[in-house]
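Colleague: Below are the chains, spelled out letter by letter.
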Amino acid sequence: MKRAPRVLRSRLSSVVAGLAGAWLAAVPSLPAQSAPLFAGDPIAGRRTFIEGRCVRCHAIWGNGGTLGPDFAMVGAGRSLAQLAGMFWNHTPQMIETVRGRGFEWPTFTESELANIISYIYYVKLFDAPGDPALGQRWFVDKGCAECHSVGGTGGRIGLPLDGYARYIAPIALAQGLWNHGPGMQERQSIQQGRALTFSGREIADLQAFIRARSTLRNRTLILLQPPDPGRGGRLFATKQCVRCHGPNGRGTSWGPDLRAATQQLRVSEIAGRLWNHSASMAVAMRARGIVFPQFQGSEMADVIAFLYYLRFYDTGGDVRNGERVFEAKGCAACHRIDEPPQVGPDLSQSEAPLTPLGLATAMWDHAPAMYTQIRSADVEWPRFEGEEMRDLSVYLRSLVLQRRAAAGRR
Amino acid sequence: MGSTRRQFLWAMGATAASVGVRWTSDVVWAAQGSGDPGWSPGTERFVNSSCLVCPARCGIRGRVVDDRLVRLTGNPFHPMSRGGLCPRGVAGVQLLYHPDRISAPCRRVGARGAQAWEEITWDDALGQLGARLQSLRQRGQPEALALLAGYCAGSMHDLWQQFLQSYGSPNYIADDYDDGTAAVMELMHGIGRSPGYDLERAGFVLSFGAPLFEAWWSPLQAFAAFAGPDGDNGAPTRFVQVDTRFSRTAARAHDWAGIRPGTFGVLALGIAYVLIRDELYDAEFVARHVSGFEDVADAGGERREGYRSLVMRNYRTEEVSAVTGVPVGRITSLARAFAEAAHPVAVCGPDVTHAPNGLLAACAVHSLNVLMGSVSRPGGVLFGNEAPLAPLAAPVVDPRGRAGLDRGPLAPSQTPFGRGDPAMRFAGAVAAGEAGAVDTLLLYYANPLASALRRQVWEEALQRIPFIVSFSPFHDETTAHADLILPDLLAYERWQDAPTPASYPYPVWGVVRPLVDPHPGARHTGDAVLAVARQLGGSVARSLPYESFETLLKARAAGLFATRRGMTLGDAFELRHQQQMEERGWWLPEHREFEAFWDEAVDRGGWTDPFIDETEPAGLARTSSGRIELLPARLLEALATVGEGRTAYLDVAAAAAGGSDDFPLRLIPYRVSTLSSGTLPLQRWLAETPGLFPDVHWDPWIEVAPTTANTLGFANDTMVWVVSAHGRYRARLKVFPGTAPQNVCAPYGLRHPDGEPANPLHLLDGSSDPLTALPNWFTTFVRLERA
Chain A
1 MKRAPRVLRS RLSSVVAGLA GAWLAAVPSL PAQSAPLFAG DPIAGRRTFI
51 EGRCVRCHAI WGNGGTLGPD FAMVGAGRSL AQLAGMFWNH TPQMIETVRG
101 RGFEWPTFTE SELANIISYI YYVKLFDAPG DPALGQRWFV DKGCAECHSV
151 GGTGGRIGLP LDGYARYIAP IALAQGLWNH GPGMQERQSI QQGRALTFSG
201 REIADLQAFI RARSTLRNRT LILLQPPDPG RGGRLFATKQ CVRCHGPNGR
251 GTSWGPDLRA ATQQLRVSEI AGRLWNHSAS MAVAMRARGI VFPQFQGSEM
301 ADVIAFLYYL RFYDTGGDVR NGERVFEAKG CAACHRIDEP PQVGPDLSQS
351 EAPLTPLGLA TAMWDHAPAM YTQIRSADVE WPRFEGEEMR DLSVYLRSLV
401 LQRRAAAGRR
Chain B
1 MGSTRRQFLW AMGATAASVG VRWTSDVVWA AQGSGDPGWS PGTERFVNSS
51 CLVCPARCGI RGRVVDDRLV RLTGNPFHPM SRGGLCPRGV AGVQLLYHPD
101 RISAPCRRVG ARGAQAWEEI TWDDALGQLG ARLQSLRQRG QPEALALLAG
151 YCAGSMHDLW QQFLQSYGSP NYIADDYDDG TAAVMELMHG IGRSPGYDLE
201 RAGFVLSFGA PLFEAWWSPL QAFAAFAGPD GDNGAPTRFV QVDTRFSRTA
251 ARAHDWAGIR PGTFGVLALG IAYVLIRDEL YDAEFVARHV SGFEDVADAG
301 GERREGYRSL VMRNYRTEEV SAVTGVPVGR ITSLARAFAE AAHPVAVCGP
351 DVTHAPNGLL AACAVHSLNV LMGSVSRPGG VLFGNEAPLA PLAAPVVDPR
401 GRAGLDRGPL APSQTPFGRG DPAMRFAGAV AAGEAGAVDT LLLYYANPLA
451 SALRRQVWEE ALQRIPFIVS FSPFHDETTA HADLILPDLL AYERWQDAPT
501 PASYPYPVWG VVRPLVDPHP GARHTGDAVL AVARQLGGSV ARSLPYESFE
551 TLLKARAAGL FATRRGMTLG DAFELRHQQQ MEERGWWLPE HREFEAFWDE
601 AVDRGGWTDP FIDETEPAGL ARTSSGRIEL LPARLLEALA TVGEGRTAYL
651 DVAAAAAGGS DDFPLRLIPY RVSTLSSGTL PLQRWLAETP GLFPDVHWDP
701 WIEVAPTTAN TLGFANDTMV WVVSAHGRYR ARLKVFPGTA PQNVCAPYGL
751 RHPDGEPANP LHLLDGSSDP LTALPNWFTT FVRLERA
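Keeping their order, the protein sequence lines are chains A and B.
Using this note's numbering, you'd call the opening residue of the first sequence number 1 and step up by one each time.
Using this note's numbering, you'd call the opening residue of the second sequence number 1 and step up by one each time.
Please note: incorrect hints may appear among the correct ones.
To be verified - Pair ranges (Cβ atoms, derived):
no. : chain 1 : residue 1 : chain 2 : residue 2 : range
1   : B       : Arg313    : A       : Arg217    : 33 to 39 Å
2   : A       : Met73     : B       : Ala322    : 55 to 61 Å
3   : A       : Gly102    : B       : Trp698    : 45 to 51 Å
Just so you know, the hints here were simulated from the structure itself, not pulled from any lab data.
We treat Cβ as the ideally placed atom computed from N, Cα and C, and that holds for glycine.
Can you build the whole structure from these sequences, using the hints too?
Modeller: Here is the structure:
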């Protein structure tokens with residue numbers, strides 16, 4: 001039965017496009033591009049993921065097929081180009097599996113693939129709930145109980161924390177911690193002689209403990225809507241974070257590169273890191289005359305999403321190294337540039353390399369044909385490691401642009 | 001070695017099949033290639049909807065060929081039924097095209113019950129009804145309108161309520177099934193809602209007479225829950241059925257514990273005894289969330305025994321065994337297995353509550369969940385919420401209507417707990433009251449002359465009501481007494497909603513939509529009510545400002561769209577994914593516009609929210625103390641007045657009275673999933689699949705133990721009279737070792753092929769639990785006579 005078409009969310013599209021634009025702009029040898037290179041909508045990606053029957057082989061959080069990897073376990077911490085390379089490396093295995101099961105090889109448009117990849121990346125944002133028993137331990141061990149109460153038990157100095165029971169995700173708690181961070185940390189270091197820090201998923205555990213022990217009745221549970229990294233990016237600027245961490249979070253002499261700091265971290269871990277540094281940040285900000293920022297509503301979630309996505313839209317690329325990859329991996333044997341005979345298309349005449357997603361889509365959709373060709377030639381399937389796919393992408397794009405420039409001159 | 005009949009039939013079938021396969025591979029059908037003029041392939045559609053045949057409200061998918069419904073299967077998107085459908089649901093096609101459908105509005109032209117009718121137009125029919133109701137209101141007697149409504153949870157129920165309220169009548173009479181568990185939850189938790197059971201995640205299901213795979217709230221919920229090999233903890237889900245007979249559910253269980261009728265509560269407390277004695281209960285949960293467990297001193301300083309003391313003093317396993325017939329070792333092993341399971345849950349069936357001490361026994365059964373902390377926890381008892389529909393338009397009540405409402409219902413409940421049997425109470429009040437107290441009775445999916453325990457009371461009541469209107473699409477026993485029939489569309493032709501019953505803890509709002517064009521002579525009762533409201537005008541019309549029932553439904557669905565939770569129905573991956581998202585505290589908006597949401601909800605069959613916040617204290621108890629009450633003060637107070645000297649949890653075995661010389665055998669009526677709806681005359685082939693017996697199809701039957709049959713001198717298949725002090729009926733005797741001696745197990749809902757009734761409920765003694773007024777099903781004794 002055919003599904004009624006969904007109205008796809010494009011909330012993130014413009015933001016993502018902006019971030020992708022930053023990627024392109026960072027490649028110094030290439031001209032800036034006016035049209036967005038990449039517009040991934042994770043909600044639309046989820047729909048395509050389901051309707052494209054990806055779940056027959058792949059799972060999210062253990063839900064779905066087991067033939068391929070669980071996408072909630074992979075993806076995070078990798079850039080778009082690395083993800084595309086990862087997909088490519090597993091193509092032979094996927095093709096054999098798909099053929100063996102009698103499935104049809106799924107093909108995607110560029111935007112569909114963008115959406116799917118965005119979705120796969122996005123799910124990692126949604127952290128699993130913490131452990132209330134551990135949370136109870138942290139509540140006592142970290143001294144929270146000396147000032148705050150939950151379910152009527154605990155200190156009276158600070159406000160009761162029962163109200164946070166309306167949330168499941170620890171974002172609201174993290175936001176409260178941040179907003180009161182410098183004051184609380186100062187007071188704690190005076191009264192308890194120590195600075196409170198969080199590691200791992202301790203904030204998530206605390207949140208779970210508050211929910212389990214809160215006596216707040218008839219809670220109107222608040223489910224958060226997906227954070228908006230674009231809005232987070234704007235907040236990053238307006239809250240003056242850019243003054244220390246740079247416009248794209250890559251760090252300055254005042255603050256570290258947040259891409260590295262947030263890589264592989266879950267949301268509650270990022271929140272913990274923010275808290276841990278909030279006291280020293282407050283001092284440094286005061287020294288520079290910057291007001292310590294306060295977050296409201298979904299602002300903290302949006303900023304964390306922005307930080308989270310920094311790595312995804314990793315910029316750069318080395319054209320020369322890309323050329324070396326093109327030769328070393330055997331691409332040039334089939335995709336000859338201006339040189340017959342052509343086994344595969346001359347990629348300098350293709351539209352696909354113009355965007356990283358275009359290239360990834362073309363590779364994906366033509367993978368079965370390439371696989372057949374490569375196998376018949378008894379050639380090993382090329383694999384891309386590290387930043388090789390990114391470099392290859394910028395190299396191929398440079399070929400297309402050079403050809404266009406030459407055509408323009410003629 | 002000779003072959004059995006079964007082997008012979010199998011061999012014949014296999015031979016025929018192999019011949020058929022070979023033959024069909026060679027044959028060329030005459031029509032093939034001949035190109036019959038005018039022939040073209042049919043246009044096939046599959047449309048999702050919801051089943052309204054029983055309260056389970058499963059998802060259905062209709063196969064429609066050339067705008068004709070040819071098959072019903074389950075909607076795989078429905079989270080409760082998961083693509084399954086029971087035989088009654090499948091047989092809905094037979095109802096749709098049944099030749100006995102009432103084809104137009106009818107006006108009675110002969111004597112009541114004579115079945116003489118004159119077809120009239122819809123305008124005429126609605127005009128007559130509207131004029132009658134208008135006149136009644138103008139005379140200042142709006143309360144003389146009454147509605148007897150069968151199970152119609154959802155927007156039809158709300159529409160009727162709103163209509164009656166704005167009209168000025170407090171007489172909405174529910175004629176549906178009550179298993180009594182909502183009263184138990186109200187007492188112990190302060191939550192007046194039947195419990196939801198998280199069977200899917202349970203590690204051990206201990207069912208006290210609940211017909212999980214037969215005529216429970218939703219047999220498909222049980223089928224879906226036990227279809228997988230594992231519970232939430234990865235260990236196999238164990239299922240033990242405690243029952244008075246070897247039922248179809250018992251046959252599907254891992255284990256069956258036979259028990260004497262009316263002693264479920266005693267067994268539960270015997271298990272509680274072991275849990276407490278061996279310190280196997282969840283002491284932390286009890287200490288944090290439960291009151292009444294320990295002894296307390298009252299205001300006067302007098303010591304009052306708590307649950308622990310009462311159980312330890314009165315329910316030692318030896319005594320419990322003597323009452324229930326369950327061996328001591330079995331009681332102990334059941335208790336230990338229950339305690340050791342990761343997610344144990346005790347399910348309370350209607351056999352527990354339909355007994356002289358039904359309420360107390362049900363409290364005892366549920367106390368096992370409380371002891372193990374299996375409340376508001378995965379795999380335990382969960383109290384779900386209703387789907388967050390937008391409310392109907394604010395009701396408008398004018399002074400005339402207000403006066404009618406203020407005069408109160410004709411037959412208010414007098415029972416301490418629960419609502420009892422409102423339909424029987426109403427009939428009794430009409431039969432005994434002043435003439436004209438009820439001027440007009442509307443019958444909506446109610447057929448009390450077939451379903452009521454005391455048919456003669458209803459016969460008397462109907463005689464005293466001047467104007468009776470039935471909305472039944474078929475002639476039935478009660479419709480025969482109507483003055484006007486306004487035939488409803490069937491569920492496959494109309495818009496409605498279908499919320500799942502409380503037994504399924506997650507809210508599911510099923511959409512019922514037309515699968516085929518409506519019958520030209522019938523009309524949606526919802527649309528008819530809206531039309532009458534417009535005709536009445538004033539406050540009634542303002543209270544129901546909807547063009548059609550479809551627009552009403554759509555307006556209500558806006559609440560689902562706005563709630564920012566849940567999802568339109570989806571496959572297993574989508575459902576689990578949504579659950580995981582909400583467990584993590586997030587919700588992804590799928591639809592920007594309501595119209596897109598509505599279209600998809602209709603297309604997929606509805607909406608659901610697969611997440612319950614198990615940390616919410618209000619999901620555990622809403623009592624004044626904020627705790628679960630094991631010895632509810634209200635119950636103790638009520639026992640003091642109507643308890644005949646009983647105290648809570650004591651004397652729960654009082655039902656174990658014996659028979660007499662005239663009537664030595666105890667009657668055990670039971671529900672069969674395919675037969676209990678009363679539609680058997682319309683769906684005859686459902687009689688093919690009634691029970692455990694492969695060779696009983698068309699005759700009503702009873703089950704007796706081999707020793708009992710031998711003693712009485714009856715061979716298997718003998719036709720006998722089942723005789724009580726209140727009536728008799730004919731049935732075929734089946735010798736069945738799954739029946740305890742001295743019991744006669746009798747399914748109800750059957751008839752003889754010639755229409756002769758065979759309803760064991762009509763033989764009952766009419767007694768009831770004084771605390772709930774629920775009828776006693778197992779206190780009637782009978783004898784058997786050769787027919």
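Colleague: What hints, given by number in increasing order, does this structure fail?
Modeller: none
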